[in-house]
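> One letter stands for each residue in the lines below.
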Amino acid sequence: MNLDAHVKVIVGEFTLDVELDVAGGRTLAVVGPNGSGKTTLLRTLAGLTPLDEGRISLDGDVLDDPATNIFRAPEARPVAMVFQDHVLFPHLTVLDNVAFGARARGRTKRDARDYAGEWLDRVGLADRASAYPRELSGGQGQRVALARALASDPALLLLDEPLAALDATTRIDVRRDLRRHLSTFDGVRVVVSHDPVDAAVLADDLIVLDHGRIAQAGTPSDITARPRTPWVADLVGTNLYRGTADGNTLHVDGGGSLAAASGVGDGAAFAVVHPRVVALHRAKPEGTPRNVWSGHATSIERVGDRVRVKIDAAPSIVAEITAGAASELELTDGSPLWIAVKATEVDLYLA
Amino acid sequence: MTRRRERPPLLPVVIAAIAVAAFALPLAGLLWRAPWSSAWDELSSPEALDALRLSLITSLAATAVAIVLGVPLAWVQARVEYRGKAFVRALTTLPMVLPPVVGGVALLLAFGRRGIVGAQLDKQGIQLPFTTAGAIIAEAFVAMPFLVLTLEAAFRTTDRRLEEAARTLGAGRGEVFRRVTLPLVRPSLIAGAVLCWARALGEFGATITFAGNLPKTTQTLPLFVFLKFEGTNTDAAIVLSLVLVLVSLLVVVGLRERWLTTR
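Residue numbers (this note's numbering), protein chains in the order written: chain A, 1 to 351; chain B, 1 to 263.
Take these hints with a grain of salt, some might be off.
In silico contact screen, one side only, chain A against chain B (beta carbon under 7 angstroms); selected entries [said to hold, decoys possible]:
| no. | residue |
| --- | --- |
| 1 | A46 |
| 2 | L48 |
| 3 | T49 |
| 4 | P50 |
| 5 | E75 |
| 6 | A80 |
| 7 | F83 |
| 8 | V87 |
| 9 | A104 |
| 10 | S152 |
| 11 | V236 |
Anything over 12 angstroms on all C-beta distances counts as not near chain A; from chain B, calculated [stated by the list, open to error]:
| no. | residue |
| --- | --- |
| 12 | L10 |
| 13 | V20 |
| 14 | A28 |
| 15 | L30 |
| 16 | L98 |
| 17 | A153 |
| 18 | D159 |
| 19 | L162 |
| 20 | P215 |
Covered, in the sense of this in silico footprint (three residues per stretch, anywhere, with C-beta under 8 angstroms from a C-beta of chain A), are these stretches of chain B [claimed, not checked]:
| no. | segment |
| --- | --- |
| 21 | 163 to 175 |
| 22 | 231 to 238 |
In short, the hints are calculated from the structure, not lab data.
Note that CB positions come from ideal geometry on N, CA and C, so glycine has one too.
The following block holds chain B by itself, in its conformation from the complex (with noise of 0.2 angstroms):
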């Protein structure tokens, strides 16, 4: 007898081809659009270049600050027993789904020259907002919670036999956490900062909120798309979404076996 498989029912089938045509069909419009002849001229432009090397760089700073202080929270939250962690996790949570033109605000009336901390700040000869250090607060403040849920999860479900294991060898807590657990967790690390530096590198809403919109110095590759596409350059705007497509095409496809999975 030859097995014959159920034919898959109507109805979800249609759902999802129009589910994925909602996804495909922006994406098709923008290289349909794309000018192809010159794209090289648009994306070699002084201030195309400017923004893409802001971009990159306060994209990287903000990972940097985001693993700094993301490690530690993450640790803590998965291996520490506290009152309010709840909170704590609702708190460091809340960034991915706030608007973030919200958070933006919310970090101006913060470290602002009026803000409560950012009066202190201003006494102290020091500005955040409209400067590229307040462009990387915003991108880490939006960005960080991707890298601290991801490798809260791999503290959490780490053998901690094996840290117990390294302390009767001799391994303090610090030598243990070196040389056992960080190793352990590296692949959630890895996969935790690549998010989010993606999600750093396409901050709008904080950024330009917090931070403004200075060529040079606040004006990253998303702030140049929006201003170009209002503006009159509609070609640069698309060759640059273009290239900002493809870096998220990248990390999608990068990550596919680590996170994006439901395994």
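Bound conformation, chain A alone (with noise of 0.2 angstroms):
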């Protein structure tokens, strides 16, 4: 089971052009902001969207090929999807909703229902059966609208924002319900995702969309220790320079520098700074740190016992403290403060 794509859709003046390869029973999240090309890229999979250039190939099999006239209908791909916010037929029960896909298929009504019953078991919601969609909480609706996929056989499963609909305090357990359902389906999954974090629990393969295209690909925890997008370091919270690098510094794009402990080579490069390894002083710090530099206070955000401090400097920096030592600074918005950072916490690696 192999999923092998290069999608490339044109609408107006936007292209998405992206290349995806992923193995069967191993989960790819697509992440990206607004606008990025992440439901585009799972329409296009699921046959809703045509490609307007590329080639879509499931298995070997060919989906979609402009170029040799290829093009199969949703209904005969073997794909399935989990839509945003669900959409399960409010006219059906629960349990007709999850035979929908059998029924279409070919299976007999009543063939089709209990196959459907065998999903919802192993879903949890056998005691639902009955229930009209409207009747169901957000977790139940979400196990629903996966059961239903996953009732028609595919070999691709595509999920579109799976959480998104959710609540904050259902999420994590939703969350890992649909990560434990996930890795017993061994056909290939793709998950799209707004959250680098949601997508980091659910996905063994990460992929970064910006404007259209792969800023970024690799392992969940690799993206998010060394973001390559302004956009993923800002959601996981930590301070990420471009700039270009001369033996162990980095000479910011837009101003400054920092040093790190050890030279990765020169050229364009980023660093990575955690908020919480960032020191702040009123006055200039003596010492052993090799990046001291000053600036102004532009937003001072409580998080939980910890406070956020945005700091307007060359780099600009957000740094982490502890409430106690905020107080101690007296911090108020444009006061000056010193910001120091060791070497060794910061971490630089190449572009």
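Need the complex rebuilt from these two chains, each delivered in its own frame; the hints are there to steer you.
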């Protein structure tokens, strides 16, 4: 089982151009900001949006290839999709929702219902079989949507923002369940999410889309530790700097420089500095830190028992300090501050 | 502090009351003049029963024609983009505002023995004017827009993603229509069909012009009422008018939730 796709779709000014290669039994997460082309990518894989150029093949079976005029309609593809907000059929019971795919793929009504019953059992909703979708909670709706997709026996399962419709409290449980259910499906899984944390929990591999192109690909831990887009860095709450490496120093685009403990070679590079390793002082600190520079606090935000301080400087940085430290510094908007970061805390890597 | 509601201004309330009276008085007149003692006899006279039966048959047949032609028309108007769509909409809505008698004249010119289509049909031995089939056509012509407009709005507001979900689950376009789209628009289909049927039942102008006024063949209830009222038996006209009022009232009350509120 293997998905091999080169997807190129042009919508007005926007071009989506992405290559994917995902093995069966693995989950690929596609993350990126709104408008980066994530949903369009899923729709082309499902056959709901035709390709302009490229080729989609699943297990060697060509689903879409404009060059040779091959296009398999959505119903003729072994592809199922879990839609954002679930999109359950409101006029059918939970059982008939889940039985829909099996019926459409040729089983008798009774057979399809038996099969749907097994799937409902598997997602722990056997007792809700005769309910209608409007009577379900968000988490239950999500499980029904997943069961409905899997009960059509796909080789490729697509999930569009599977957790976006849920509130924060149920989200973590549903995410854990979803991960468990996905691991029992041995086809190819592709999940779209705007949340890298969800993606990191669900996926084996991750790609970051930006303006229709892959900005970064790798494992979730790699991408969150060493982001290459400001968008990912912001979401995982870290400081990302882009610039030019010169030995073990990064000359940051937009001003300033950062010294790391060791060099990676010369050329375009990134540096990551975690907010918790940034020290703040009222006066210029004495001693060992290699990186010391000054600026002004522009925003002070309490997060739990810690305080996030944004500092306008060259380069600008976000620091996360304890509430105690914050009150000692007598922080207010516009306070002048000294910033200190040890060279060993600067993670430098080539672009 | 108690909250006091502002009193509504007098002028619009008075005018509104006059408007309500304008609706209510004719109905009151009908009830006032109704020959209650002989009502059952008038209703069960052979002539009246013939008109009643014919009206039921033609209005139901016209509704069936409207559903067969109107459902695909409404779907195309809601879902297919093509040039001239606005023109088609105007054309298919026209019978709602066209004087029915003009519709009847137009139908006669098209399907009459010398009409563009009628002449061809005549050669095949098919005649539509002055037949029950003609009455059905006249009623369908006038009533179909009610179904089409109701249903078109429903097709347009259906969540397309439900249909896409069904496609990804293996259902072809026909199956999606049958198992998803149609059930979703069913309330609107019923409302549209009932409105269409009520309009067909009350059709007068197009029917009398195109199909004539032949007892048992084209003399539907409204034609019968008109004939009796103009002639000698006003009592029969009043009783059967009340029947039509009752049916209309049931339709209005029945559809109040679906169609006639402005939610």
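> Evaluate each hint against the coordinates.
Do the hints match the structure? See the list:
no. : hint       : result
1   : A46        : holds (5 angstroms)
2   : L48        : holds (5 angstroms)
3   : T49        : violated (10 angstroms)
4   : P50        : violated (13 angstroms)
5   : E75        : holds (5 angstroms)
6   : A80        : holds (6 angstroms)
7   : F83        : holds (6 angstroms)
8   : V87        : holds (5 angstroms)
9   : A104       : holds (4 angstroms)
10  : S152       : holds (5 angstroms)
11  : V236       : violated (31 angstroms)
12  : L10        : holds (46 angstroms)
13  : V20        : holds (39 angstroms)
14  : A28        : holds (44 angstroms)
15  : L30        : holds (42 angstroms)
16  : L98        : holds (37 angstroms)
17  : A153       : holds (18 angstroms)
18  : D159       : violated (7 angstroms)
19  : L162       : violated (6 angstroms)
20  : P215       : holds (46 angstroms)
21  : 163 to 175 : holds (count 10)
22  : 231 to 238 : violated (count 0)
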